[in-house]
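**Student:** Top to bottom, those sequences are chains A and B. So for the first sequence, the numbering used here puts the first residue at 23; every next one is plus one. So for the second sequence, the numbering used here puts the first residue at 7; every next one is plus one.
Check each hint, because a few of them may be wrong.
[To be verified] List of simulated lysine-lysine pairs, DSS-like, C-alpha gap at most 30 Å: (1) B:K50 <-> B:K28; (2) A:K38 <-> B:K80; (3) B:K80 <-> A:K124; (4) A:K125 <-> B:K15; (5) A:K80 <-> B:K80; (6) B:K80 <-> A:K75; (7) B:K50 <-> B:K80; (8) B:K28 <-> A:K38.
[What the hints assert, rightly or not] Restraint ranges, calculated between C-beta atoms of paired labels, are given here: (9) B:M7 <-> A:E141: 24 to 34 Å; (10) B:G47 <-> A:F185: 35 to 45 Å; (11) B:G36 <-> A:E141: 43 to 53 Å; (12) A:L138 <-> B:D13: 36 to 46 Å; (13) B:G60 <-> A:E132: 19 to 29 Å; (14) A:E132 <-> B:G36: 29 to 39 Å; (15) A:E141 <-> B:T68: 33 to 43 Å; (16) B:L42 <-> A:A170: 28 to 38 Å; (17) A:Y156 <-> B:G16: 28 to 38 Å; (18) B:G70 <-> A:E155: 51 to 61 Å; (19) A:M104 <-> B:G36: 50 to 60 Å; (20) B:T58 <-> A:E132: 21 to 31 Å.
[As the list claims (entries may be wrong)] Part of the chain A face toward chain B, derived, beta carbon under 8 Å: (21) P46; (22) T53; (23) A56; (24) M121; (25) K123; (26) A128; (27) I130; (28) P131; (29) S135; (30) L138; (31) M149.
Read the hints as simulated data drawn from the structure, not as lab findings. Keep in mind the model is a prediction, meaning the values are calculated, not measured. Using N, Cα and C, we set each Cβ at its ideal position, and we do this for glycine too.
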Amino acid sequence: MADASGTKSMSIIVTKGSLDWAYPPFILSTTAAAMGLNVTLFFTFYGLSLLLKNLDLKMTPLGNPAMKMPMMGGHMGMPNFMSMIPGVDAGATVMMQNMMKKKGVASIPELRSLALESEVRMIACQMTMDLFEYTLDDMIPGIELGGAATYIEVATQSEINLFI
Amino acid sequence: MADQTLDAKGLNCPLPILKAKKALMALPPGGTLEVLATDPGAVKDFAAFSRTTGHELIEQTTEGNVFRFVLRRKA
């Protein structure tokens, strides 16, 4: 809950690590911090890849019938089998990155730096770090390790708790 | 005339808000910041930003496709 100074808090559990799903946690956390909230992000499972020093975010249209890219004045989806063809996912990733650049959408490295700069607290889930054999050396500086109890403590003190 | 102008034209959500907040905090309390943006979402967002933070939105105008906001840093 709001602390003694009246500052509110938000926490987000970040479970996804693809280029598209990287946006909601970083957009919401930087914006909430700009609006004066204390923000904590808890990265677990595939969300951990958003903390890697070498960000290499990709996306896939596989199993995502709602992913329709603007094309020739319309919108085009991609049948699942297309994703099996080498280079198609890489192509979709580049296409998305170009589209974002053209529309003035921030890049994930930029949003991540802004989040760190605005003192968004970032916790990497210890259990999934061990599971996927990552160490703190693989991750950007300024993050901490923690487990479920660490997150729950944060959640009990936050007005807003999201799962992405 | 605002003390400082931030050109956020061509930037999309949430960059106009993030850059405005940064610029606002570089001003002394009571200082004013003019923000120029082309993101239509900025109209609702700056109003919400102002209500939540207490940095007052003292002006909001539209000229063609450019939205102009003037914020006053909370005292």
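**Student:** Each of the hints needs a verdict: does it hold here or not?
**Tutor:** How the hints compare with the structure:
no.	hint	result
1	B:K50 <-> B:K28	holds (19 Å)
2	A:K38 <-> B:K80	violated (37 Å)
3	B:K80 <-> A:K124	violated (34 Å)
4	A:K125 <-> B:K15	holds (11 Å)
5	A:K80 <-> B:K80	violated (41 Å)
6	B:K80 <-> A:K75	violated (37 Å)
7	B:K50 <-> B:K80	holds (20 Å)
8	B:K28 <-> A:K38	holds (29 Å)
9	B:M7 <-> A:E141: 24 to 34 Å	holds (33 Å)
10	B:G47 <-> A:F185: 35 to 45 Å	violated (24 Å)
11	B:G36 <-> A:E141: 43 to 53 Å	violated (24 Å)
12	A:L138 <-> B:D13: 36 to 46 Å	violated (25 Å)
13	B:G60 <-> A:E132: 19 to 29 Å	holds (27 Å)
14	A:E132 <-> B:G36: 29 to 39 Å	holds (31 Å)
15	A:E141 <-> B:T68: 33 to 43 Å	holds (34 Å)
16	B:L42 <-> A:A170: 28 to 38 Å	violated (45 Å)
17	A:Y156 <-> B:G16: 28 to 38 Å	holds (37 Å)
18	B:G70 <-> A:E155: 51 to 61 Å	holds (55 Å)
19	A:M104 <-> B:G36: 50 to 60 Å	holds (57 Å)
20	B:T58 <-> A:E132: 21 to 31 Å	holds (23 Å)
21	P46	violated (11 Å)
22	T53	holds (4 Å)
23	A56	holds (4 Å)
24	M121	violated (11 Å)
25	K123	violated (10 Å)
26	A128	holds (5 Å)
27	I130	violated (13 Å)
28	P131	violated (14 Å)
29	S135	violated (11 Å)
30	L138	violated (13 Å)
31	M149	violated (31 Å)
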